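S.K.: Here is how the chains run, residue by residue.
Protein chains: 2
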Amino acid sequence: MSTATAAEQAQSLTPAAIRAAHELIKPYIHLTPLLTCATLDKIASTPQTASALVGTPFEGQAPATPHLRFHFKCENLQRIGAFKARGAHHALLRLIEERGEEEVKKRGVITHSSGNHAQALALAASTLNIPAFIVMPKISTPSKIAGTRSHGAEVVFSGSTSIEREAVVAEIQSKTNAILIPPYDDFNIICGQGTTALELEAQYTEKSTKSLDAVITPVGGGGLNAGVATYFSDKTTRVFGAEPSFQGGDDCRRGLGEGKRVEKVSTLTIADGLRTPVGVLNWEVISDKRKVEGVFSVSEEQIKAAMKLVVERMKVVVEPSAVVGLAVCLFDEDFRRRVQEQGGEEGWDVGIVFSGGNTTVEAIGKLFS
Amino acid sequence: MSTATAAEQAQSLTPAAIRAAHELIKPYIHLTPLLTCATLDKIASTPQTASALVGTPFEGQAPATPHLRFHFKCENLQRIGAFKARGAHHALLRLIEERGEEEVKKRGVITHSSGNHAQALALAASTLNIPAFIVMPKISTPSKIAGTRSHGAEVVFSGSTSIEREAVVAEIQSKTNAILIPPYDDFNIICGQGTTALELEAQYTEKSTKSLDAVITPVGGGGLNAGVATYFSDKTTRVFGAEPSFQGGDDCRRGLGEGKRVEKVSTLTIADGLRTPVGVLNWEVISDKRKVEGVFSVSEEQIKAAMKLVVERMKVVVEPSAVVGLAVCLFDEDFRRRVQEQGGEEGWDVGIVFSGGNTTVEAIGKLFS
Chain A
1 MSTATAAEQA QSLTPAAIRA AHELIKPYIH LTPLLTCATL DKIASTPQTA
51 SALVGTPFEG QAPATPHLRF HFKCENLQRI GAFKARGAHH ALLRLIEERG
101 EEEVKKRGVI THSSGNHAQA LALAASTLNI PAFIVMPKIS TPSKIAGTRS
151 HGAEVVFSGS TSIEREAVVA EIQSKTNAIL IPPYDDFNII CGQGTTALEL
201 EAQYTEKSTK SLDAVITPVG GGGLNAGVAT YFSDKTTRVF GAEPSFQGGD
251 DCRRGLGEGK RVEKVSTLTI ADGLRTPVGV LNWEVISDKR KVEGVFSVSE
301 EQIKAAMKLV VERMKVVVEP SAVVGLAVCL FDEDFRRRVQ EQGGEEGWDV
351 GIVFSGGNTT VEAIGKLFS
Chain B
370 MSTATAAEQA QSLTPAAIRA AHELIKPYIH LTPLLTCATL DKIASTPQTA
420 SALVGTPFEG QAPATPHLRF HFKCENLQRI GAFKARGAHH ALLRLIEERG
470 EEEVKKRGVI THSSGNHAQA LALAASTLNI PAFIVMPKIS TPSKIAGTRS
520 HGAEVVFSGS TSIEREAVVA EIQSKTNAIL IPPYDDFNII CGQGTTALEL
570 EAQYTEKSTK SLDAVITPVG GGGLNAGVAT YFSDKTTRVF GAEPSFQGGD
620 DCRRGLGEGK RVEKVSTLTI ADGLRTPVGV LNWEVISDKR KVEGVFSVSE
670 EQIKAAMKLV VERMKVVVEP SAVVGLAVCL FDEDFRRRVQ EQGGEEGWDV
720 GIVFSGGNTT VEAIGKLFS
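These protein sequence lines are chains A and B, in that order. So that you can map any letter, position 163 of the first sequence is 163 in the numbering used here, and since no number is skipped, the others follow by simple counting. For the numbering used here, count along the second sequence from 1 and bump the result up by 369.
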């Protein structure tokens with residue numbers, strides 16, 4: 001983090017910053033496809049059953065009749081299987097611009113992550129020929145450790161809590177002077193993730209004369225949602241966020257209700273990429289009503305139902321975190337009423353970001369056994 | 370079947386017949402994507418370990434060093450999730466051409482299938498506004514029954530053996546005079562399935578100046594492989610087939626060794642689309658060495674390993690039957706030596722047909738639990 005406050009940094013998060021990020025990272029990332037699926041549109045445009053609304057505030061009311069057409073931005077097909085490749089490349093390229101290649105090469109970079117950011121930074125560092133140290137909890141899944149190592153990064157193990165992880169990071173930094181690349185709460189990371197929105201819009205407008213009505217993305221640390229909201233901040237497209245509700249995983253939604261960022265989260269939701277609280281800088285963006293219209297949450301069962309539909313109907317592999325936005329569109333009656341009321345007969349074209357596809361056949365088996 | 374013998378009918382199976390089929394069905398089917406995957410190319414181009422060859426005729430020998438580049442024709446993304454949509458539409462369109470719409474509408478069509486052909490014919494009949502009767506074993510998975518019904522076909526249940534199924538077909542035919550559309554052993558079905566090859570070649574040559582070195586497809590009843598071999602019969606591209614070896618599921622490979630079609634198969638291989646013996650007309654094509662260079666077989670474990678790679682690395686959902694061709698390329702040392710010897714340093718560009726993607730998250734769970 002630079003010395004500018006989060007509020008000051010948020011001022012610099014502009015569509016132009018996202019466009020500049022895209023120019024920089026374009027040669028290093030995949031232009032992932034934007035897919036449609038008539039079957040999912042049909043399911044989403046069918047009213048929920050009365051029984052699905054039992055136990056919700058909408059019990060006994062007529063189910064909403066929204067018309068939804070989805071445009072799936074498949075970041076599960078991005079390099080390393082997740083949008084995180086965007087932010088990691090952008091942060092590292094900017095670091096090299098700012099400090100010079102020689103210094104960054106000498107010091108190396110470091111991060112702590114058990115998930116997709118670890119592999120993303122390992123890939124970016126390997127491509128740009130920079131040494132990378134990745135601090136991972138000892139209990140990380142072997143495939144993720146192997147994946148990170150396969151890009152040539154040095155994996156250092158730590159305990160699972162953030163205090164233990166940060167202690168190991170500090171220890172390595174004291175020896176190597178390696179520069180920290182944070183996973184989500186960072187200006188350059190946000191700009192990188194926001195390039196997802198730029199591509200999504202360009203791919204959509206290739207086939208349409210109007211603008212997208214809405215875009216919905218998962219919210220974990222919030223880098224993706226903040227970046228996407230930044231890109232659309234001077235456009236008519238509405239931006240929404242989606243979170244898992246399990247064990248308080250919907251920290252962002254709750255924080256918005258209370259008018260204050262929730263700082264700690266401890267959830268074991270199956271959407272394991274969304275277990276972290278929203279970062280400080282990301283909160284500045286997401287809590288700005290002009291940028292993000294609302295954040296919705298879904299249950300574990302709703303996440304599983306959405307994942308089952310994507311795997312079985314679209315034949316595309318997604319991780320649970322990737323489908324929380326789709327789950328909102330399918331199952332959140334509040335959201336569906338909004339589409340009905342604001343979209344009317346014409347309905348909405350909704351961009352949905354499938355954030356990642358890093359799962360295993362064994363993990364799918366456990367989820368659905 | 371017409372009164373022409375299989376050998377006579379095989380004479381009429383020409384690339385021109387496939388092209389004509391494509392013209393006819395094009396408006397009704399998806400042009401499925403042709404995908405590549407650098408990770409799978411790398412894995413396939415890495416020699417197997419010495420221990421992988423233990424217990425095979427290649428034990429103790431140096432593993433082959435083939436160079437393989439794959440081009441995956443994703444018929445798992447075809448309508449109803451499988452290439453069967455091609456043959457069913459073609460057979461029905463030709464039937465209407467030959468008998469007139471009025472007669473076909475009055476009599477309706479009928480088939481027996483527990484799998485993809487049932488849904489494919491149901492879809493084609495619904496599109497063309499023809500009544501369809503689908504005889505399915507009582508024990509078929511509920512999702513397949515529901516899928517078939519969702520296209521408006523009338524599902525009639527039978528026992529599981531072919532004798533029981535055919536008895537029910539005969540009974541319905543005696544009442545309705547419905548016309549049988551067989552699942553694979555039929556001239557028009559073969560021409561329809563062969564259109565997969567036409568598209569595959571066209572999509573490949575958009576990006577390449579040379580011809581595909583080889584194409585490999587699954588062999589169950591043999592309609593897909595016979596159609597693909599027919600299309601490439603006047604070209605340099607080699608055609609291969611792939612089968613599951615479990616419980617004698619490799620009837621085609623064994624038949625080729627014995628110089629005689631194997632007429633009965635009873636296997637419960639996980640590649641459930643490939644449990645049938647090769648049909649009579651398909652055998653005429655596949656046993657012609659000028660058309661199909663060879664048929665290879667793979668174990669259940671090899672099928673699962675290939676499926677795991679496709680799901681986890683390509684993030685694409687395939688059913689077990691779909692990956693037997695890939696499994697041959699990855700694990701059959703005989704095939705890999707052939708690539709090494711004939712492809713040399715340059716290696717082979719291989720078209721692989723992913724035949725279908727109709728599985729469920731629960732089925733994936735059972736396979737990998």
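No lab work stands behind these hints: they were computed from the structure. Note that this is a predicted model, so its numbers are computed, not measured. It is possible that part of the hints are untrue.
A short, non-exhaustive set of chain A residues, derived as facing chain B with CB atoms under 7 Å [said to hold, decoys possible]:
1) 308
2) 315
3) 317
4) 362
5) 368
Residues of chain A clear of chain B, computed beta-carbon distances all greater than 10 Å [stated by the list, open to error]:
6) 76
7) 166
8) 258
9) 312
By construction, the Cβ of each residue, glycine as well, lies at the ideal position given by its N, Cα and C atoms.
S.K.: If any of the earlier hints don't hold here, list their numbers in rising order.
M.R.: Numbers 6 and 9 - these are the hints that the structure violates, sorted from lowest upward.
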